[in-house]
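**Q** Spelled out, the chains give:
2 protein chains.
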Amino acid sequence: MSKPTAVFYHAGCPVCLDAEAAVTRYLDQGKVALEIVHLGTSKSRVVEAEAAGVKSVPALVIGGQTLHLNFGAALSALK
Amino acid sequence: MSKPTAVFYHAGCPVCLDAEAAVTRYLDQGKVALEIVHLGTSKSRVVEAEAAGVKSVPALVIGGQTLHLNFGAALSALK
Chain D
1 MSKPTAVFYH
11 AGCPVCLDAE
21 AAVTRYLDQG
31 KVALEIVHLG
41 TSKSRVVEAE
51 AAGVKSVPAL
61 VIGGQTLHLN
71 FGAALSALK
Chain F
101 MSKPTAVFYH
111 AGCPVCLDAE
121 AAVTRYLDQG
131 KVALEIVHLG
141 TSKSRVVEAE
151 AAGVKSVPAL
161 VIGGQTLHLN
171 FGAALSALK
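So the sequences go chain by chain: D and F. Residue numbering for the first sequence follows the working numbering, beginning at 1 and increasing consecutively. Residue numbering for the second sequence follows the working numbering, beginning at 101 and increasing consecutively.
If we strip away everything but chain D, and leave its shape as in the complex, we get (with noise of 0.2 angstroms):
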């Protein structure tokens, strides 16, 4: 069985930059697979992270959890 994937989205923003070495560095990558996905660059995929219950940005979606990380930028403002 492949290991499920846990979705980091950001922005970018330097709140987000921070988040993001948290998680590359303590999350178990043994457990999870994670991918990094930046919604400035890659705004195909807000439609996806609003779906999974993204409010705003840096967040980590994770075993059917959404998980703000502090707060960076609304996700209404990357649309």
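Treat the hints as calculated values from the structure; they're not laboratory data. Bear in mind the structure is a predicted one, so any value in this text is a computation, not a measurement. Some hints could be false.
[Unchecked claim] Far from chain D by the CB rule (all over 12 angstroms, computed), these chain F residues:
1. S102
2. G112
3. C113
4. E135
5. I136
6. H138
7. T141
8. S144
9. R145
10. V147
11. E148
12. A151
13. A174
14. L175
15. K179
[Said to hold, decoys possible] In silico DSBU-like cross-links for lysine-lysine, where the CA-CA straight-line distance does not exceed 35 angstroms:
16. D:K3 to D:K79
17. F:K103 to D:K55
18. D:K3 to D:K55
19. F:K179 to F:K143
20. D:K55 to F:K155
21. F:K143 to F:K103
22. F:K155 to F:K103
23. F:K131 to D:K55
24. D:K3 to F:K103
25. D:K3 to D:K43
26. D:K31 to D:K3
27. F:K179 to F:K103
28. D:K55 to F:K143
29. F:K131 to F:K143
30. F:K131 to D:K43
31. D:K31 to D:K79
32. F:K155 to D:K31
33. F:K103 to F:K131
34. F:K131 to D:K31
35. D:K31 to D:K55
36. D:K55 to D:K43
37. F:K143 to D:K31
38. F:K131 to F:K155
39. D:K31 to D:K43
40. F:K179 to F:K155
Even for Gly, the Cβ is constructed at its ideal location relative to N, Cα and C.
Got chain D; can you put chain F on it based on the hints?
**A** Below, chain F alone, put in the same frame as chain D:
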């Protein structure tokens, strides 16, 4: 050298419990030792959380960063 400690602060709220489940499951505990602190029952540690920059719970203090995970309750409500 002992592992650095990551501290997860919460207050038993539903949002806190969800975040705790994700942190407990997905944090790489080979890299950090996870300590879970319930600020509702350990009120003496609110000052320490505040000094670490925690504004609300649940929050994870890790590797010099303070990550607020969604929003359960303001720290000021726990004093």
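**Q** Just want to verify: E135 of chain F was marked as not at the interface with chain D; is every Cβ pair farther apart than 12 angstroms?
**A** The claim holds: E135 of chain F sits with its nearest Cβ about 14 angstroms from chain D, beyond 12 angstroms.
**Q** The output says K179 of chain F does not contact chain D. Does that hold with a beta carbon cutoff of 12 angstroms?
**A** K179 of chain F is indeed farther than 12 angstroms from all Cβ atoms of chain D, at 22 angstroms.
**Q** Hint check: K3 of chain D vs K55 of chain D, CA-CA at most 35 angstroms. Holds or violated?
**A** With Cα atoms ~26 angstroms apart, K3 of chain D and K55 of chain D stay inside 35 angstroms; holds.
**Q** Taken at face value, is the distance from the CA of K131 of chain F to the CA of K103 of chain F at most 35 angstroms?
**A** holds (6 angstroms)
**Q** K55 of chain D and K155 of chain F were given as a pair; does the straight-line alpha-carbon distance stay at or below 35 angstroms?
**A** With Cα atoms ~19 angstroms apart, K55 of chain D and K155 of chain F stay inside 35 angstroms; holds.
**Q** When you look at the beta carbon of A174 of chain F, is every beta carbon of chain D farther off than 12 angstroms?
**A** holds (14 angstroms)
**Q** Does the alpha-carbon distance linking K31 of chain D and K79 of chain D stay inside the 35 angstroms limit?
**A** holds (32 angstroms)
**Q** CA of K131 of chain F to CA of K155 of chain F, is that 35 angstroms or under?
**A** Holds: K131 of chain F and K155 of chain F sit about 25 angstroms apart, inside 35 angstroms.
**Q** Against chain D, does V147 of chain F hold up as non-interface, every C-beta pair farther apart than 12 angstroms?
**A** holds (21 angstroms)
**Q** Within 35 angstroms, alpha carbon to alpha carbon, are K131 of chain F and K55 of chain D?
**A** Status holds; Cα separation ~30 angstroms.
**Q** Does K3 of chain D pair with K103 of chain F here, judged by a C-alpha cut-off of 35 angstroms?
**A** It holds: about 26 angstroms lies between the C-alpha atoms, which stays within 35 angstroms.
**Q** Compare the distance between the alpha carbons of K31 of chain D and K3 of chain D with 35 angstroms, and conclude whether the hinted pair is satisfied.
**A** Answer holds: K31 of chain D to K3 of chain D is near 6 angstroms, not above 35 angstroms.
Violated hints for the displayed structure: none, as all numbered hints are satisfied.
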